[in-house]
Structure formats: C-alpha cells, structure tokens
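Number of protein chains: 2
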Amino acid sequence: MSQTVNIAVDAMGGDHAPGIVIDGCALSLERNPHARFLLFGDEAKMAPHLARHDALAASAEIHHTPDAVPMDAKPAQAVRQGRKSSMAMAITAVKVKRAEAVISAGSTGALMAMSKIQLRTFPGVARPAIAAIWPTVSGEALVLDVGANVDSDIKQLVDFAILGEAFAHVVLHRQRPRVGLLNVGSEDVKGNEAVKAVDALLRAADLPIDYVGYIEGDDISAGEVDVAVTDGFTGNIALKTAEGTAKLAAHYLRGALTSSPLAKLGALLASGGLRALRDRMDPRKANGGVFLGLNGLVVKSHGGTDALGFAAALDLAIDLAGSDFGEQITTALEAVHDKVTAADEALKAEKRAKKEAAAQ
Amino acid sequence: MSQTVNIAVDAMGGDHAPGIVIDGCALSLERNPHARFLLFGDEAKMAPHLARHDALAASAEIHHTPDAVPMDAKPAQAVRQGRKSSMAMAITAVKVKRAEAVISAGSTGALMAMSKIQLRTFPGVARPAIAAIWPTVSGEALVLDVGANVDSDIKQLVDFAILGEAFAHVVLHRQRPRVGLLNVGSEDVKGNEAVKAVDALLRAADLPIDYVGYIEGDDISAGEVDVAVTDGFTGNIALKTAEGTAKLAAHYLRGALTSSPLAKLGALLASGGLRALRDRMDPRKANGGVFLGLNGLVVKSHGGTDALGFAAALDLAIDLAGSDFGEQITTALEAVHDKVTAADEALKAEKRAKKEAAAQ
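First to last, the protein sequences are chains X and E. According to the numbering used here, the residues represented by the first sequence are 100 to 459, in order. According to the numbering used here, the residues represented by the second sequence are 100 to 459, in order.
Derived from the structure by calculation, the hints contain no laboratory data. Take the hints with a grain of salt, since some may be wrong.
[To be verified] In silico DSSO-like pairs for lysine-lysine, Cα to Cα no more than 27 angstroms straight-line:
1. X:Lys173 to E:Lys453
2. E:Lys295 to X:Lys254
3. E:Lys215 to X:Lys295
4. X:Lys183 to X:Lys173
5. X:Lys215 to E:Lys295
6. X:Lys295 to E:Lys254
7. X:Lys215 to X:Lys438
8. E:Lys215 to E:Lys196
9. E:Lys454 to X:Lys173
10. X:Lys295 to E:Lys295
11. E:Lys447 to E:Lys254
12. X:Lys295 to X:Lys453
13. E:Lys215 to E:Lys194
14. E:Lys346 to X:Lys346
15. E:Lys173 to X:Lys295
16. X:Lys173 to E:Lys295
17. E:Lys363 to X:Lys346
18. X:Lys454 to E:Lys173
[Unchecked claim] Residues from chain E shown here face chain X by an in silico Cβ test under 8 angstroms; the list is partial:
19. Val249
20. Leu338
21. Ala369
22. Gly371
[As the list claims (entries may be wrong)] Derived coverage of chain X by chain E (criterion: at least 3 residues anywhere in the stretch with Cβ under 8 angstroms from a Cβ of chain E; other residues may be distant):
23. 227-238
24. 244-258
25. 308-320
26. 331-339
27. 353-362
Ideal Cβ placement from N, Cα and C applies to all residues, glycine included.
Go ahead and model the full structure; you've got the sequences and the hints to work with.
See the structure below:
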C-alpha cells in the first residue's frame, strides 16, 4: 500500500464543485497518504479551497482546464463540446497512464460517453455497466447495472454477471462470489422474456462462476448473493428506492427518539450505538459507482454529495487503483468469452430447430 | 360503517393456511364488528382453528371446499384444475354479489388468472395491476403495478396511472392525487423508450389528473407523489428491495441498541418510541395488494404472512368494500378513456407523418 497511487480528479464535476471536491480530496488524503491527486479544473476557482488544505496543496498536481461539462449536458453534446473540459482531461490522464483511476461527480451520461470513447471497452464487452456496493446483513454485495444502460440486451446482462463476479473477487475479497439474477417474486410468473433468456444462457454456458439463479429484491440486503445482476433501468430504481427507504427509516427513528423526554434520555444513553447505526445507514458511506468493462478505472460519485461522500468515493478509487482489478477482470473475461459465445449459438440453433420442427 | 360488509376468504391460501387465515379473521373481526366472513376451505381442517374463536365461529359462514390451489401452481393449471377450489369459489362469491370483496394469501398468478376469468376487466382495461400501499415521510403513497404483469405495454401503463389515481382518491382520501412515472435518475439518460412513450401519451391526453412527470425511486418514500406508476417487473423489485432495506435497518438498529449495557438501558427508556417505530417499519402492517381494473374487489395478502399481517390485509379489504371504490374507478375510467385513445392516435399519426417526411 506504500506505492504511490495517482488519481485523476475532475474538480469541476458535481453540484457543489470545486469546493466539496477539494475538501473531499483533503479528507481522503489524511486516510491515504500514499495517494496523489491530479486535480483538473479552473485554477482560480480551485485556489481558495486549496488554500485551506496545506498537505493537499503541497502534494497535488494542478492541471488548469478552463472548460467544464455542465451537469445537465447531454452525453453527445458533452463529447462534442467538452474535449478540453476538466472531465475529458482527467479521463485522458488514465488513458495515457499518468493516473491509475479517474473520479468525477459530474454528469453520469457524459462521463460514461467520454470514458467509452477515450478508454474503450474490453474486447467482447459491448457496453460498460455501473456497479454499486450495497450494504447487507452480512457485509456488502455488488449490484450492477445501476444506471449505465436503460435498455440492456441478453448478452450484456451475461457480461454484467462476469464483470460483477470478477469485481467481487477484488473488491469484496470473496473467493467464490455467488451471482444472482434479479427477478420478480411470484413463483408462477417467473420473469419477463429477457430475464428468462439470460438465465438460460448463464446455465448453458457452464461458466466457472457460482451462478445461483433468480433472486428477489429483498435477497440483496439479506446477503443471499455477492453479486446481483440486473438491467440499468431496474437497478437504478432499486438503488434509489433503497436509499429512499433508508432515509425514511432514519426519519422514523428520529421521531421515535424524540417522542418523549424519556425517549430523549434513552437516545442520549444509547448515543454510541446510535452513532454507529447512523454511520452504517449513511448513504454517503456507500458513495461511488464503478464503471465496469472499460480499459481503465472510472469512479462516479453522486452529483449532490458533500466532502464526506466524495472522500468515500475517493477511498474506493484508491483501493481499486492499488489492486490488480483490471488484470483480474481481463483474465476472467477471456476465460469465459468463448464459452458464452458457444452457448449462445447452441441455444439459438436449438430454438431454430424447434421452430422448424413446429413448422413442419 | 355499521352496514354489514361481506368478505369472501380463501381460507386455504398461503404458506400457513388455514391457521393464520382463521386467526387473522378473528383479529380483524374484533376491529371490524360489521364485517362478516365467508370462509371457503376444508371444513375439517378449519374446525380446530375456528374452535378457538367463538365470535368468529358464530358469525362466519362456512363453505366447505375440499380442493385447494397449491402455492406453486402455474396460473393456467390452476384455472383448469381449480374450478372447485377454495380460491375459485371465494372469487365466485364476489361475482354473484354474495360478497363485496375476496381475499387470498395463495398464489398471486393463480388468483389473478382466476379473477380475470370470473370477474373480467373493466371495459377498456387490457390487464389488471396490483397496487401496494407504501409508507412515506408524510403518510402513504400508492405504487402500481407491483407484480401482476412482467411485460407492460404503453397503453397499460397509462391505464395504471388512471386506475391508481382513482384508487388514491378512495383509499388515501386525496382530493387531487399527484401521479408520477417511475424512471431512472440521471438527467441525461431519461428512461427507456417505453417510459418516454408513456410520458408523451400522458401529457398529450391532457387527462383530468395531476400528472407530475418523471420521479425517481427515492421520491416515493419522500412523499413526492401519491401514486407512482411503473411496470410490474420494476415495481415488484422496487417493493421487495424496499422491504429488504427496512429489514436491514431494523437489523442495524437491534445491533446498535444491544451494543453496550448503556445502549441497552437507553433502549429500555426509549422503548415506547421504539415500539411505535417497530410498528411503522413492520412490513406486515402494509400487507395487502389490491388488484385494480377488475369488476370486483380482490385483495392479495403476502403468502408467508402471519395472523397479524393477514388481519391488516383484511382491514384494507373491509375498508374498500365499504367504500364506493368500484363506482369511482368506473367513472374515472369512462371520463378519460376517449381522451387517451384520441391522444394515442394523434401521436401515432404524428410519428407516421415524420417518418414519411424523412423518407421523402
């Protein structure tokens, strides 16, 4: 861990940039003295914030980029007009191997589009996914895709399973991660056509992964799997719904612990445990979505987060940058790619044969 | 409220039937003395449970049905083989107007298939939806569909908006319910094609409902809308994910309040408030999905619930059965049906015209 890790930071991305970005870097630097930040942004706007953090100012590399990608920029527009933006230049730093990872709290769509163009996807991977780390009763699980793709096809969902499995090895340190496919609850209406086809392909390919089959929404936080695979539309809504429910629970808890003088006294006595609870329920602690499937490490922070949340996403980026994450995923993909293709062709041939038999 | 309300109960549906069903009826009867239960099930199996509840045994009407639909029955199979089952006979009671509502904790797919055949959908409604009541910071919201359909088309999602709006009037007593369409988070990748088309149709139809546009997963529990519309696949996963998160929060809270002797003492002092919290977070209290779009009231209880949960679903069925729910929905649907059809045709014509213009 003592080897220097270089992180390219889009200092102008997010609702409260560059203030919370710089503050977040300072926070993370305290915890990760081996990290070095390459700050891409408007020098004049960054200066007053940097002035408050001596250690960061001394170690960071400042790259002045006058342009920034607006939060509401359409991806195509950002790609065309943002070539010299802080976001684009930070991605370039990873492309040219000056940094091991790039982080941004800017527009998700713009970051994904620019990353795809500059870093390109792994051979055989059509579209990257965003993976989120999800708290469970027994630790953490990985959920993907949580929003990179609003329409995912069957082959892509199989890719997500493989990418997620490799990622769980590296990030969650699981020897043999259990991979599940998110589906609806009732026993008798088992999923839509796409989910059924993904399940069939994952089984037919006989991959060297521990595929456990269908799971339901409540199985994620129950710790039933290490990796939950779903399309970006469903995954994003599930993630946001879980965040909303956690906020609701916190709201109820505040109400319960201020409902009477006795309850308030009780809350005071239990404050140590409750502080730990607040920490665990704090969505900022789980901040940081990782783009999977690219030749380079890209971490997306929530756009509306604060310094604490941005620092948590930075910590994740530093951890990953210091691991052999990229190589492991490449190896895993290479090992299974041919199997998936063969299984896919076999399933299609079977379908054709059935159709022809039915037509006769 | 003093007028008798007749509820047809499938006493054999659910993982722990008929025990928890009978116990649940007894619980609900205490709270709703104007309710009368028509119990459909195996008389010999119900008898020992009824023997423990004098008031229920005295007021209930027992209908002996030797057959029951297995929990894992496929819908088509249940329809074919279950004509004389407790589930089918309970639905018939609503069809022939002997009961104002039917309730079952049995297989969702079987209950939906049988209900559709016996009760039929409202004119103009292609497929019924299941609506769930969702706790929010400001009260309750309605989410639909939470699992009746795994593939919903555009027209069906518009129907769900109208059905949900009418339901929110009656159940949540909102004068002008705000209706939102569940979508993904990022500003720049606004939803898949289906969601965009539903949004366009809802806007073009200029319906007499307060359609607020897109919402995200966390907007539901934040109380941003009264009705959240989504397809059954996404809705079911969102619902289960929220339940899982609530369980996780409760798990963390238990840990926090037993982490030290001081914390335990604090929990004891705050026990009044914490009990109220547990009640609010208890998923059993929100038990009961309502089938919307049928000529008759059908309530589905969780299959794995206990007597407390089944009683909560019964309370909901009794409330609805005593309201003019059915008429209100019929009126609402009639008022908007022509508008939706006209808008749909106009949008399609516009698309055709654009295509033709582009082809020239």
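We went through each hint and held it up to the structure:
1. X:Lys173 to E:Lys453: Holds. Lys173 (chain X) to Lys453 (chain E) sits at ~23 angstroms (cutoff 27 angstroms).
2. E:Lys295 to X:Lys254: Holds, because 24 angstroms separates the two Cα atoms, which is no more than 27 angstroms.
3. E:Lys215 to X:Lys295: Holds: Lys215 (chain E) and Lys295 (chain X) sit about 25 angstroms apart, inside 27 angstroms.
4. X:Lys183 to X:Lys173: With a Cα-Cα distance of about 16 angstroms, the restraint between Lys183 (chain X) and Lys173 (chain X) holds, given a limit of 27 angstroms.
5. X:Lys215 to E:Lys295: Cα-Cα ~25 angstroms, so holds.
6. X:Lys295 to E:Lys254: Roughly 24 angstroms separates the two Cα atoms, so the pair holds.
7. X:Lys215 to X:Lys438: Since the Cα atoms of Lys215 (chain X) and Lys438 (chain X) sit roughly 25 angstroms apart, the hinted pair holds (cutoff 27 angstroms).
8. E:Lys215 to E:Lys196: holds (16 angstroms)
9. E:Lys454 to X:Lys173: holds (24 angstroms)
10. X:Lys295 to E:Lys295: holds (25 angstroms)
11. E:Lys447 to E:Lys254: Holds: Lys447 (chain E) and Lys254 (chain E) sit about 13 angstroms apart, inside 27 angstroms.
12. X:Lys295 to X:Lys453: holds (17 angstroms)
13. E:Lys215 to E:Lys194: Between Lys215 (chain E) and Lys194 (chain E) the Cα gap is close to 11 angstroms, so the pair holds against 27 angstroms.
14. E:Lys346 to X:Lys346: Answer holds: Lys346 (chain E) to Lys346 (chain X) is near 13 angstroms, not above 27 angstroms.
15. E:Lys173 to X:Lys295: holds (16 angstroms)
16. X:Lys173 to E:Lys295: holds (16 angstroms)
17. E:Lys363 to X:Lys346: It holds: about 24 angstroms lies between the C-alpha atoms, which stays within 27 angstroms.
18. X:Lys454 to E:Lys173: The hint holds at about 24 angstroms.
19. Val249: holds (4 angstroms)
20. Leu338: Hint holds; Leu338 (chain E) Cβ to chain X Cβ min 7 angstroms, cut 8 angstroms.
21. Ala369: holds (3 angstroms)
22. Gly371: Result: holds, 6 angstroms to nearest chain X Cβ.
23. 227-238: Holds: 3 residues of the stretch 227-238 of chain X have a Cβ under 8 angstroms from chain E.
24. 244-258: holds (count 3)
25. 308-320: This one holds; 6 residues, not fewer than the three required, reach chain E with a Cβ under 8 angstroms.
26. 331-339: holds (count 8)
27. 353-362: With 8 residues closer than 8 angstroms to chain E, the stretch 353-362 of chain X meets the three-residue bar; holds.
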